[in-house]
Amino acid sequence: MAGSSEYTGVDFYDMDSLLSEEERAVRDTVRQWVTEALIPVIGPAYIEGRFPKELIAGMAELGLFGANLPEEYGCAGLNNVAYGLIMQELERGDSGIRSFASVQGALVMYPIHAFGSEEQKQYWLPRLASGEEIGCFGLTEPDFGSNPGGMITTARETADGWVLNGTKMWITNGSQATVAIVWAKTGAIDDPKSVRGFIVPTSTPGFTGKDQHGKLSLRASDTSELHLQDVHVPKDALLPHSGGMKSPLKCLTQARYGIAWGGVGAAMACYDEARRYAMNRVMFDRPIAATQLQQERLAEMLTEITKGQLLSLQLGRLKDRGTMTPQQVSLAKRNNVNMACEVAREARRLLGANGILIEYHSMRHLANLESVYTYEGTHDMHSLILGQEITGIAAY
Amino acid sequence: MKIAVCIRRVPDTTAKITIAGGGTAIDPAGVKFVINPYDEFAVEAAIALKEAAGAGETVTIALGDDSVQETIRTTLAMGIDRAVHLQGTGSADGLATARVLADHLRGGGYDLILFGKLAVDDYGQQVGPMVAELLELPCATAITALEVADGSATVEREIEGGTEVATCPLPAVLTCDKGLNTPRLPGLKGIMAAKKKPLEVVPVEAAAGQATIVSLALPPERPAGRIVGEGAAAVPALIEALTSEAKVL
Amino acid sequence: MTAILAILEQRDGALRKGAPELLAAARQLADAAGATVDAIVFGAADMAGLDGLGAAGADRVLTATHADFAQYCPDGIVATVAALAGGYRAILTAATATGKDLAPRIAARIGAPCGMDVTGLALQGDAIRVTRPVYAGKAIQTVDLAGTAVIAVRPGAIAATAAGKAGAMSAVEVPAFTRRLTVREVRAPEQATVDVAEARVVVAGGRGLGDPKHFALLEELAAVFGGDAAVGASRAVVDAGWIGHGHQVGQTGKTVAPELYFAIGVSGAIQHLAGMRTAKTIVAINRDKDAPIFKVADYGIVGDLFEVMPALTEAVKKARG
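As they're listed, the protein sequences go chains U, E and Y.
My numbering applies: residue 1 is where the first sequence begins, and numbers increase by one.
My numbering applies: residue 397 is where the second sequence begins, and numbers increase by one.
My numbering applies: residue 646 is where the third sequence begins, and numbers increase by one.
Check before you lean on any hint, since a few could be wrong.
What the hints assert, rightly or not - Straight-line alpha carbon distances no greater than 35 Å define the calculated DSBU-like cross-link-like pairs of lysine-lysine that follow:
(1) U:246 x U:235
(2) E:428 x Y:940
(3) U:53 x E:643
(4) U:193 x U:307
(5) E:412 x Y:962
(6) U:235 x E:585
(7) U:307 x E:446
(8) U:235 x U:250
(9) U:307 x U:210
(10) Y:925 x E:412
(11) E:446 x E:593
(12) U:307 x E:585
Said to hold, decoys possible - Here are the in silico distance ranges between beta carbons for each label pair:
(13) Y:806 x U:290: 53 to 59 Å
(14) E:451 x U:214: 41 to 47 Å
(15) Y:855 x U:61: 49 to 55 Å
(16) E:427 x U:214: 24 to 30 Å
Claimed, not checked - Quick partial rundown of chain U residues pointing at chain E, CB under 10 Å, derived from the structure:
(17) 13
(18) 18
(19) 22
(20) 28
(21) 54
(22) 64
(23) 71
(24) 72
(25) 75
(26) 77
(27) 142
(28) 144
(29) 148
(30) 149
(31) 178
(32) 201
These aren't lab readings, by the way, just hints derived from the structure by calculation.
The beta carbon of each residue, even a glycine, is placed where N, CA and C say it ideally should be.
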């Protein structure tokens, strides 16, 4: 509500002048789609605890899935800054919808593109880009979150393929997905080097996915538990170029890159809502925007958003140049999501009692961002990654 | 079928308008410029007609300085095949602008020439029908429905208290109103493809014309109103105000 | 002798309601220029009995008769007016769908400048100076039109004056023309209502209505004003498919200037305000006392529209006797 149809972004430092015409065009198209298609349905979907699947076709038609992968596989072939802007705009709408696109693109399409055979790429990427197939990413397990290398899911080679056994948890899109990228150990259970990736159609016998209920965050997104019991897949289910934990971690770097942008988008939405509200809400016969306390809030939000924008843009330029490091991604994810949490909380507070209603967006963003703060490497894990980068000493 | 779509670059409708120093134009600083919203209906109509026919060519034509090329590429990203940038400035006189467009369109072999019904900057609402006159072509303005078959167009246009249904042979000039269709968003692949589509630049010069802008000013602020009360209990006070102050009942 | 020509619209034998206003605008120019006012009407048959024509207030009433004029025939009208144009200082139409269709074509045919949606006009030396809203009413442009000017005057902008003398009627010749566009029919709307752009009273609804069926509350109030009132809508509800786009008021809809505008459950987005800010009196009813609509409204009621509307409709009914 609160005039979302007039959302024009937040651009205090003329970031637009740092973007190319295509990058701006991509951003504008996704922004408009979010305004017209996503915003009107997100409130009710969130309350119902339902992922709005009706949005998938529109996202696919615009080409949002795997948009930074090459055109020859049915993708848009965008650079990484444009891809980041897509994530920013989607998360302006809702972190759950951005998560859906992140999983499909960075965690399913990316590993097939990076570690798959040419046949696998030709078969799967166009189908995933068009939304005909929906993917999920099975890495995290009930007892192995921040330490995925400890996983106990196994893949045993047989004469004609592989047999997978194990349980995966906190899997976005898990119950919707038609295909899962499952990470499993092919060797000894204490050998993380034996981890490899498999493309597993979810219709394979022995594969079940069921939703986790009772979430107070990311309510417009499906989070599921996957069970694999003697799941037989053919030889060509293996991603041939995957090997060791660095493969799934590379996927996470892709996803975290998008999250660094997404956090800024959520913060922009909250700031925009707070600013409009402050201008219109009259208390003691004047708009609350005329009070120093609210002005300080808004100044703080704008400052932090502007810093986050510059951070993600430079990160994108480094990625396009091919010099981006995972540690740089950690810094941006850590900063921007934490920043978004702060901005969302301050915005919700500025909105007063109205701020707890679903008609306004800030509290939904705030609740979502607690998950984003926690997933794809918790805030604390990224502190430790940076700590190791600075000191050379691993503290985890 | 060969279809021309004439478009204009305008300030976003959400933009706040401030008047530039000379007092005859807006200050463009900080204003986002977009394709004129009504032109999007024309673009969509052109693309949909070509898609339905399975053949043909769609061409965007835009008069303006180099900044209009970004707007042109929006139409290419939506699906228009190629574009012509008539490089120059339009005139405050719609007829002078129409002459530049007509000179270019004449002999272009277009079956349809589409415009938006108006541009949301100067609200001129004249260049389309003027081009039709200059080219001696049939014209329907502000259409809300369009069917093309067997070399003729059937259109609907809303008039006060009714809907006019009209037909004309092609080639024809049509200006498009809201309701004609729902314009598509430019997809990401379209945005990438737009860079590679042909964009021809043709320098032009519009005559000064017979219209001169004397001034552009902000409208007077409405005097502050008042809340007469809350809920149904306030109705008598409202009726009293409408009867004795405003005298509109 | 210079004169001002006003093109009057008729449909089904009756003059459209904007005629007196348009003649008042023509008279204003004519008085300043020491000129006379000619009105011209187009029809398929003898128009002596055309309702309201005798009292329309022009010095002369020209009638152009042609079989094709049974329906709106822009090609014939443009040809006829162009043949007469040499004797006129200005040619006026109402800025209606028809008038706006005609004005630019006449201008192009005779090589004249054209001003659309004009809200004020005056002589300025050799030119006619017109004012007109641009940027959807967010700014006002003043333009000088040199030579013979073709001007579409916005309905409601210039008040009709008491009708003058009934002008003498004379027939004018319709020159040969090529009919390029053929109007097949005019379909009446499902309910015969006045158009939102022509109505004296507009009752407009927005998202606050909650459901398309609640437009009935607005229709009930509009009905109290008889044929003078129309139902309008904000872009949000038109885009949501609650009501046809013909009802949309605002920057991508219609710009209206009624005497009385009710904004019911309309928050007052900038695009909407641009389309109705020149209404003479604006009444807003909204449950959110911070809604921007209250900043432009002359009178506001903060409250539940479902409670206020029935009471208001009853009270207006009583007040109008």
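Results of checking the hints against the structure:
{"no.": "1", "hint": "U:246 x U:235", "result": "22 Å, holds"}
{"no.": "2", "hint": "E:428 x Y:940", "result": "25 Å, holds"}
{"no.": "3", "hint": "U:53 x E:643", "result": "54 Å, violated"}
{"no.": "4", "hint": "U:193 x U:307", "result": "38 Å, violated"}
{"no.": "5", "hint": "E:412 x Y:962", "result": "40 Å, violated"}
{"no.": "6", "hint": "U:235 x E:585", "result": "34 Å, holds"}
{"no.": "7", "hint": "U:307 x E:446", "result": "46 Å, violated"}
{"no.": "8", "hint": "U:235 x U:250", "result": "23 Å, holds"}
{"no.": "9", "hint": "U:307 x U:210", "result": "40 Å, violated"}
{"no.": "10", "hint": "Y:925 x E:412", "result": "23 Å, holds"}
{"no.": "11", "hint": "E:446 x E:593", "result": "17 Å, holds"}
{"no.": "12", "hint": "U:307 x E:585", "result": "30 Å, holds"}
{"no.": "13", "hint": "Y:806 x U:290: 53 to 59 Å", "result": "48 Å, violated"}
{"no.": "14", "hint": "E:451 x U:214: 41 to 47 Å", "result": "56 Å, violated"}
{"no.": "15", "hint": "Y:855 x U:61: 49 to 55 Å", "result": "31 Å, violated"}
{"no.": "16", "hint": "E:427 x U:214: 24 to 30 Å", "result": "48 Å, violated"}
{"no.": "17", "hint": "13", "result": "13 Å, violated"}
{"no.": "18", "hint": "18", "result": "16 Å, violated"}
{"no.": "19", "hint": "22", "result": "6 Å, holds"}
{"no.": "20", "hint": "28", "result": "8 Å, holds"}
{"no.": "21", "hint": "54", "result": "16 Å, violated"}
{"no.": "22", "hint": "64", "result": "7 Å, holds"}
{"no.": "23", "hint": "71", "result": "7 Å, holds"}
{"no.": "24", "hint": "72", "result": "12 Å, violated"}
{"no.": "25", "hint": "75", "result": "8 Å, holds"}
{"no.": "26", "hint": "77", "result": "6 Å, holds"}
{"no.": "27", "hint": "142", "result": "37 Å, violated"}
{"no.": "28", "hint": "144", "result": "36 Å, violated"}
{"no.": "29", "hint": "148", "result": "32 Å, violated"}
{"no.": "30", "hint": "149", "result": "36 Å, violated"}
{"no.": "31", "hint": "178", "result": "23 Å, violated"}
{"no.": "32", "hint": "201", "result": "27 Å, violated"}
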